[in-house]
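A.B. asks: Each protein sequence line maps, in turn, to chains A and B. First residue of the first sequence? That's 181 in my numbering, and the numbers climb one at a time after it. First residue of the second sequence? That's 181 in my numbering, and the numbers climb one at a time after it.
Since the hints were derived computationally from the structure, they do not count as laboratory data. Take these hints with a grain of salt, some might be off.
Since the list gives no way to pick out one identical chain from another, each pair is judged satisfied if it fits inside one copy or across any two copies.
Claimed, not checked - Computed list of lysine-lysine pairs in DSS-like fashion (alpha-carbon distance at most 30 Å, straight line):
| # | residue 1 | residue 2 |
| --- | --- | --- |
| 1 | K620 | K549 |
| 2 | K258 | K530 |
| 3 | K453 | K226 |
| 4 | K549 | K258 |
| 5 | K390 | K628 |
| 6 | K530 | K453 |
| 7 | K204 | K530 |
| 8 | K530 | K305 |
| 9 | K528 | K305 |
| 10 | K206 | K621 |
| 11 | K254 | K549 |
| 12 | K267 | K620 |
| 13 | K520 | K297 |
| 14 | K267 | K184 |
| 15 | K428 | K442 |
| 16 | K628 | K226 |
2 protein chains.
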Amino acid sequence: MANKYDVIIVGAGFAGLSAGLALKEKGLNTCILEARGRVGGRTETKWLDKDMQIDLGGQWIGPTQDRMYELVEKYNVKIFPTQLFGKEKYYYFNEIHDQVPPEMMTMFDVIDDLAKKVNLEAPQKSPDINYQDRVTFDAWLHTQIDDEEVIEFLGRILAGGLLSSDAGEVSLFQVLYYIASGQGTEILLGSKGGAQQDRIVGGPQALASKMAEDYGSELKLNQVVRTVRKMDQSYFVETENGNCYETKFVLMALPPSVLNSKITFIPELPTMKKKMLQNILPGSASKYHAVYDKPFWRKQGLSGQFNLSQGWIMESIDNSNENREEGIITFFVYGVDSIKLNELPEEKRKQLLINELVKVYGEQAREPKYFLTQDWNEETFTNGCFTGHFAPCGFLKYGAIIREEVGGIHWAGTETATIWNGYFEGAVRSGEREAEKIIKKNELLSMKNM
Amino acid sequence: MANKYDVIIVGAGFAGLSAGLALKEKGLNTCILEARGRVGGRTETKWLDKDMQIDLGGQWIGPTQDRMYELVEKYNVKIFPTQLFGKEKYYYFNEIHDQVPPEMMTMFDVIDDLAKKVNLEAPQKSPDINYQDRVTFDAWLHTQIDDEEVIEFLGRILAGGLLSSDAGEVSLFQVLYYIASGQGTEILLGSKGGAQQDRIVGGPQALASKMAEDYGSELKLNQVVRTVRKMDQSYFVETENGNCYETKFVLMALPPSVLNSKITFIPELPTMKKKMLQNILPGSASKYHAVYDKPFWRKQGLSGQFNLSQGWIMESIDNSNENREEGIITFFVYGVDSIKLNELPEEKRKQLLINELVKVYGEQAREPKYFLTQDWNEETFTNGCFTGHFAPCGFLKYGAIIREEVGGIHWAGTETATIWNGYFEGAVRSGEREAEKIIKKNELLSMKNM
Chain A
181 MANKYDVIIV GAGFAGLSAG LALKEKGLNT CILEARGRVG GRTETKWLDK DMQIDLGGQW
241 IGPTQDRMYE LVEKYNVKIF PTQLFGKEKY YYFNEIHDQV PPEMMTMFDV IDDLAKKVNL
301 EAPQKSPDIN YQDRVTFDAW LHTQIDDEEV IEFLGRILAG GLLSSDAGEV SLFQVLYYIA
361 SGQGTEILLG SKGGAQQDRI VGGPQALASK MAEDYGSELK LNQVVRTVRK MDQSYFVETE
421 NGNCYETKFV LMALPPSVLN SKITFIPELP TMKKKMLQNI LPGSASKYHA VYDKPFWRKQ
481 GLSGQFNLSQ GWIMESIDNS NENREEGIIT FFVYGVDSIK LNELPEEKRK QLLINELVKV
541 YGEQAREPKY FLTQDWNEET FTNGCFTGHF APCGFLKYGA IIREEVGGIH WAGTETATIW
601 NGYFEGAVRS GEREAEKIIK KNELLSMKNM
Chain B
181 MANKYDVIIV GAGFAGLSAG LALKEKGLNT CILEARGRVG GRTETKWLDK DMQIDLGGQW
241 IGPTQDRMYE LVEKYNVKIF PTQLFGKEKY YYFNEIHDQV PPEMMTMFDV IDDLAKKVNL
301 EAPQKSPDIN YQDRVTFDAW LHTQIDDEEV IEFLGRILAG GLLSSDAGEV SLFQVLYYIA
361 SGQGTEILLG SKGGAQQDRI VGGPQALASK MAEDYGSELK LNQVVRTVRK MDQSYFVETE
421 NGNCYETKFV LMALPPSVLN SKITFIPELP TMKKKMLQNI LPGSASKYHA VYDKPFWRKQ
481 GLSGQFNLSQ GWIMESIDNS NENREEGIIT FFVYGVDSIK LNELPEEKRK QLLINELVKV
541 YGEQAREPKY FLTQDWNEET FTNGCFTGHF APCGFLKYGA IIREEVGGIH WAGTETATIW
601 NGYFEGAVRS GEREAEKIIK KNELLSMKNM
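When you get a sec, could you build the whole thing from the sequences and use the hints?
C.D. replies: This is how it looks when you write it as structure tokens:
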């Protein structure tokens, strides 16, 4: 006999946990099935030593991410500011600058203005989507600016830094949607006052763990869901290790590409939904950490925050911990470059990257004490970071059905969010959004059965 | 105990059947597992009456598709020419014309010239791929021409008619690759002397059936492969209904998106291969057939071959049978339009389409005797037609590993072909290509074991 629940939630990342808590609070009988041996989804924290955490996955929160700050307070986890002890710098035209090129400043304004016209709830109804979703961000930049290096730089900062993709992979509309959902480029790209303002002690995974603890024993780890079978009015959720759970509602709270490649629905999902899920491709971000004895860059007046217009490294940030002497530079490679770099042998890869660090930080960057990376592409239950993006035309084709449930099957996850899409905040809100829908539906069901 | 084979082939379309026959000829012990209850993959023939076949899927062959003509001869199936009794027509600028606009003729030449530079074997080494794979075909057309209707028309004919996608979904490079592999736009778009020259009596499925018969009893239908598990030097191929086959080599001969969503590999595929498979998205073609008492358009001097620059219908063709009085107009809707149209109720959809037929063929088109369609998007073991395309940047990222085997796992299917990619011919050649590789590897294995 299958265990019976009102709702089975698949995935114990921020979306799944938020949904579980919201549903539990209303008295619904729920269960969360998580494929991994831990909660937290696309976050993982490694401790190199006491007080020295390395956030291998998602890590920052910032202003207007209200639900995340509320959770931080509710669960009494500590936060600390991103370490900023100097000036942000930009490497372009083969030189180090204090500002991005003026053409870029203008373009940020142009893009923010375009983003304001995006209809977040019904993207397919946005005024210029027919053009904007059919042009890659890279190709569109070529229609706006002449300087190839500025075009490249803009693509790297916006398609790379935001969507962990190449500017040639995503449509202009995808970039605009993401920017609109994240309140504009200034907040999205910023540290103090922006999306990279604060860190969580123990990483967001520490917060996720507290949420899981609060949720309680009906969270089951190492449960790889393989099949969702509908029979009569019930769904039967079957796991790889042979467990079967019966439920009225299923909430899918995992990345679309994992969902698409790992879970079989019987009967099949409607064609549109299936195709929609196929069309959301995971980003490719490689995140590296170079740990040094001291944050030597601070003496040079540098914040550690750097953007590069060329080369493998797209951006770096000071990721040191408070109250520790060591300095940590965390840096990113995105999109096509991330894929190409992963093909190289490890030692060669490290050498190329260190050389680029030396270019901006000087010879002191040559010998890090530790050099770490985490390849989320390889994680079978994640399939790539930070977030998914539609292939061009995806919003045009599937914009209307992103959040549409299929019978009792609901869809959460940051990729479905309208506010802070791609962030923890979006994940939390998406989980709570679906919880609310399910609560209403369940009330109707209960009334019918009275 | 598992049954033991040298090679298990997954999929009995043209790639799988060709591979099976080539391997069997060399004395290898092989087995083909097919998910459906029939062979032939993306082809299906419906008989409305004796001698009146309706090809619901792939149907044409043409010059330079040498392997297909050899198979037709070997298996003694009959072919007949596409019915052409009048002039091809083009509907644009709100009028019917005998020729495409002159700007389009120029662009065909420009595109053919660009296609000549494509490196089919190593696409990632093509000279201009860094630009060409990062711009959608639609956006690139906007850099070449001013007239919006001409741009739209070109996108529909090339991205639509060839790749069953919207010009905003595919990169310029994807279009060029396809054109290069199919010997240029003139052959690809043509009927007599081109890719739509001949039809097969009973459809290509009749040919596939004869190939299957020749192959023999080791072709097993209704075997849905779910898991490919490697243990020691063997692979164990497990089906949904609990069968297990042991083999030295596995040949995957099914569409990439089906492969990606249906089959679990243990251990997992290398990350690059997995991401590559995710990045090949199935096209969206809807194929409709309107059957009339007579081919009335011939009296108007029309061939039935029409291209439209606007509206749902992208192109039509006379698909009547030889020696039958009825006339059949077959027409196509592609890409975003195909998805949007499928969302409409059936009766409304039919009305919109018939209205468009009336626009070009007159009131006689108003009342077809039969009106048929086949939605390949809904077919779970096909997932969309005609063929798959890379999302933009896909060739840049994964061009080097399209055909790269993973241990004893090989990859066939028309999406892997360098010649006639996307066609039956490409499928056949891909199957024979991998058969040859496996034969060589198997010889080496045998020598080692002597």
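A.B. asks: State for each hint whether it applies.
C.D. replies: Taking the hints in turn, this is what the structure says about them:
| no. | hint | verdict |
| --- | --- | --- |
| 1 | K620 x K549 | neither (54 Å within a copy, 48 Å between copies) |
| 2 | K258 x K530 | neither (33 Å within a copy, 61 Å between copies) |
| 3 | K453 x K226 | between (37 Å within a copy, 28 Å between copies) |
| 4 | K549 x K258 | within (27 Å within a copy, 73 Å between copies) |
| 5 | K390 x K628 | neither (37 Å within a copy, 57 Å between copies) |
| 6 | K530 x K453 | between (41 Å within a copy, 23 Å between copies) |
| 7 | K204 x K530 | neither (47 Å within a copy, 48 Å between copies) |
| 8 | K530 x K305 | between (46 Å within a copy, 25 Å between copies) |
| 9 | K528 x K305 | between (48 Å within a copy, 22 Å between copies) |
| 10 | K206 x K621 | within (13 Å within a copy, 62 Å between copies) |
| 11 | K254 x K549 | neither (37 Å within a copy, 68 Å between copies) |
| 12 | K267 x K620 | neither (51 Å within a copy, 61 Å between copies) |
| 13 | K520 x K297 | between (35 Å within a copy, 23 Å between copies) |
| 14 | K267 x K184 | neither (57 Å within a copy, 66 Å between copies) |
| 15 | K428 x K442 | both (21 Å within a copy, 25 Å between copies) |
| 16 | K628 x K226 | neither (50 Å within a copy, 46 Å between copies) |
Taken one by one, the earlier hints fail for this structure at numbers 1, 2, 5, 7, 11, 12, 14 and 16, listed in ascending order.
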